[in-house]
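Reconstruct the complex from the two isolated chains, following the hints.
First to last, the sequence lines map onto chains A and B.
Letter by letter, the first sequence follows residues 1 to 252 of my numbering.
Letter by letter, the second sequence follows residues 253 to 559 of my numbering.
Take the hints with a grain of salt, since some may be wrong.
As the list claims (entries may be wrong) - Only some residues are given here: those of chain A computed to face chain B with a beta carbon under 7 Å: (1) 82; (2) 85; (3) 86; (4) 90; (5) 94; (6) 96; (7) 99; (8) 109; (9) 112; (10) 165.
FYI, nobody ran anything at the bench for these hints, they're computed from the structure.
Don't be surprised by glycine CBs; every beta carbon is placed ideally from N, CA and C.
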Amino acid sequence: MDNPVIQIADVNFWYGTKQALFDVNVAIAPHQTTAFIGPSGCGKSTLLRCLNRMNDLITGTRVTGRIALNGDDVYAPEVDVIELRKRVGMVFQKSNPFPKSIFDNVAYGLRIQGLTDKTELEGRVMKSLKKAALWDEVQDRLHDSALMLSGGQQQRLCIARAIAVEPEIILMDEPCSALDPTATAKIEELIQDLETDYTIVIVTHNMQQAARCSDYTAFFYLGRLVEFDATNKIFTNPTNKQTEDYVTGRFG
Amino acid sequence: MNLKRRQRDWQSVAFYAVTLAATALIVLTILVILGDIVWHGAAQVSWHFITGGTKEGMFDAQTAGVFPMIFGTLALVVLMTLGVVPVGVITAVYLTEYARPLSPITRIIRGAINNLAGVPSIVFGLFGLGFFVQFVGGGLDQMFYGGTLHYRKPALIWAAATMAVMTLPVVIVATEEALRAVPSGLREASLALGATKLKTIWKIVLPEALPGVLTGAILAVGRGAGEVAPIMFTGAAYYLAHLPNSWTDQFMHLGYHVFVLSTQSPDIERTKPILYGSVLVLLVMTFLLNLTGVLVRAKIRSRLQHG
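Okay, chain B solo, but in the shape it has when bound (with noise of 0.2 Å):
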């Protein structure tokens, strides 16, 4: 029998190198926008750029700071989270737990979850827009505040809504495969000691679900913390003199701030080292979130695991 490799199997090796070049365009292109922001945004990034308004002119980049922005964006992610986690989780309990998996119904709400997951963001601003802001707030007007105006404006809090909306689906599909990989015999064990499904649930599913959980979160946090459209109609400002001091107040927002530098200064080359700054900025803050929820999962993962 003859081993000798006889010639090269060019085929094989052509569809290695198209692999190869595939993977290596994607850490390239990823790393030519990473390096373009911090090639130029780090000069602009400063302690009065982090901690500063926009007092003296928001397109003067010697003087302008992005606290505000840094403020609002931070303050619209932590309420999108308060909202969308709870009903994100609910649903997938209801789909894992108690929907019949393959009924009719069941097949309408998971299409609907996905369609969401499709739909664009531009959309859900309005969406905002027309449901959260003219007849969620026009009622709460009309019902608590005999008419006058309270409600039924742009908001951190509808902002903070529609963005929750937005990233329903991720925190759902998440979650249910969280559900999904814990154990059946676990709940039979927790169902044949006499617990009520709630209680096998609440003190048994749902927490060794947890680190899945907070993924969807993560995820939800990571699609929503740079997203503009949705915020633009519902609760984003061009410009405030002061930080929001209640839900019911506009604020500025580190993407929206990026929008209206690109659009609106009058002399862009003079603005574009507060665009790059900024745009460090918001890389840097969807980056520590995201690692905040990371390391709060490893740690529940080891909690789980240790007892």
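With the rest of the complex left out, here is chain A (with noise of 0.2 Å):
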């Protein structure tokens, strides 16, 4: 692939002495959505998590290998993890709004960056709220508060914060995994309309979502890549048995 906005090399992971990953490869291309499938424990939220150093959070954890952003290794000691995050965004699998009004919900992200013009975050925040395809239906509510709207609203929402601080990449970790289809049909709606702005990495259980709204497929199983192919070729003419196993449902 020519310039991967995002090149996973030989990454090894382990928690304390698990090792969860094995020697993977991948690289995402830009302006694309790249779907991580798998069985559960098979790595592929453990992977996800490490494109923005979410594991870091836990206490134990150990990662060898590289991951490149546009070519710089977001794990060398001098990165800034949280300008790392800034650029890597976030979407996680149970909606998480915070306990504030849609319109704080949106403009966290950046008035921690020190936004404080109104004018600014009202501009700011309504972009963000119109491209997670939500404003239509908040604009006449934007200070009540989140935790009032639908389930699928708080995912949307949720989109919207992470659009609104300008990330390159979004990674979403099973984002509709907790919604009703009607409620899912529409992320995916979206998630076809944000990858003109952004590059997408999402990890889903559900194999119909990556094959309707990704352009690329990794799968993955027990902790290594099986296979990594256009999402055409993954569904329809793997390389792989196992692959072909998975993907047709005859285990998983």
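Listed below in structure tokens is the structure:
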């Protein structure tokens, strides 16, 4: 792949003494959606959380190999994790809006960066909510609590919150696993729209979801990357027998 | 199949009766205490009793009032709260957000907090006299007043400090519980947006834990308002002609006043109404302080829930 935005090379990962990833190599293409699929415990979420170093929060974890963001090693000692996380945003499995107003949720990331100008804040909150396809539903109640929104709306709010700080990459960790089919469809549609501005990496349990909204798919099994290719190829003509069994639902 | 009950299970009935009796005993005890105090105290409590001083003699039921003691108790509780809440909250933040949960140091700190909670209050009184009055107070006098007496004496500030140390475990434990109840998803969301740990704690975790912090403060006030032993040597006065006008002054205190009335009165029968009246005022005051805390907490909770 030419000019990948993230290059994952020979990555091994340990929780204490238990190894969770084995020599993983994946390249993430810019302005494309890459899906990580595989059965529970295969390491897909662990790898995702290496990309913005959220695993740093868990004591006793260790990583070797190289993860480069536009050529810069994100695990290099001189890297500012705060700066990294501004460039690599994240949406979590369980929607986690702050117990604040809708507006304050989206403005949070901007405010902690020191933005105080009211008109600019309002403009960027509006832009983010529009991009997250939530604006029409909440424009009249921006100052209501975010906790009053439905599950699907909360998840789109979390996407808007991540977008507001203008990251290059958005990581999504099973963003639809707690949502009903209608809300899921909306998020999937949104993911396709977001591709024009962002690079997206999504972890999913849902094979159809990976097939529908990703350009590349990486299949993991027991901490190893089994196959990585264009989504089309993975789902119609996989090279590996294990991949074929998994995507056709024969195990997993 | 025969579904008919064969005979009563007397063991179950007996056990149920025992649990009921134990509960009734507690309720009865409280009712008797409260009833006795209200019954004997209500007649004494008048506008004059609450707002009056002790100019005519503190043992005279006709003229004596408890305003200086109400003032002193309130001042003590307010100063204590100002001292204990910040220190307790910061300690709890360290323990839940920074310290490694199973490290030996964390265990030692937790053990120390638990032990602090078990120390008898009179020991705190002596500690306050030795540490705050003599050591800290004496040190301040040496450093800033050339050895003349300003701080090396029982004072409102030292009584409040002693009381704050005594109630510290209550605030720490309550705050820790509140911090641990904050969903980790909120911390992750904040950190993933590029917030520092400090900003995450300050803007997300602490506001969410605020009702729990207030619970700690309420419990601390409840524990502190009625305690006499910690302030006996560190600031409470038997009798003062004036209200304290600085935190280096001594003060009168409702609880200590009750102690004085019941041990020092020349004629205990004549003092009895003041005694009951003072106890009733102390109870009502503690109740009102708690009620204020509970109302503030309810308000914060509803604000958290509705943005």
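Each hint, compared with the structure:
{"no.": "1", "hint": "82", "verdict": "5 Å, holds"}
{"no.": "2", "hint": "85", "verdict": "4 Å, holds"}
{"no.": "3", "hint": "86", "verdict": "4 Å, holds"}
{"no.": "4", "hint": "90", "verdict": "4 Å, holds"}
{"no.": "5", "hint": "94", "verdict": "6 Å, holds"}
{"no.": "6", "hint": "96", "verdict": "4 Å, holds"}
{"no.": "7", "hint": "99", "verdict": "5 Å, holds"}
{"no.": "8", "hint": "109", "verdict": "4 Å, holds"}
{"no.": "9", "hint": "112", "verdict": "5 Å, holds"}
{"no.": "10", "hint": "165", "verdict": "6 Å, holds"}
This entry satisfies every hint, going by the numbered hints stated previously.
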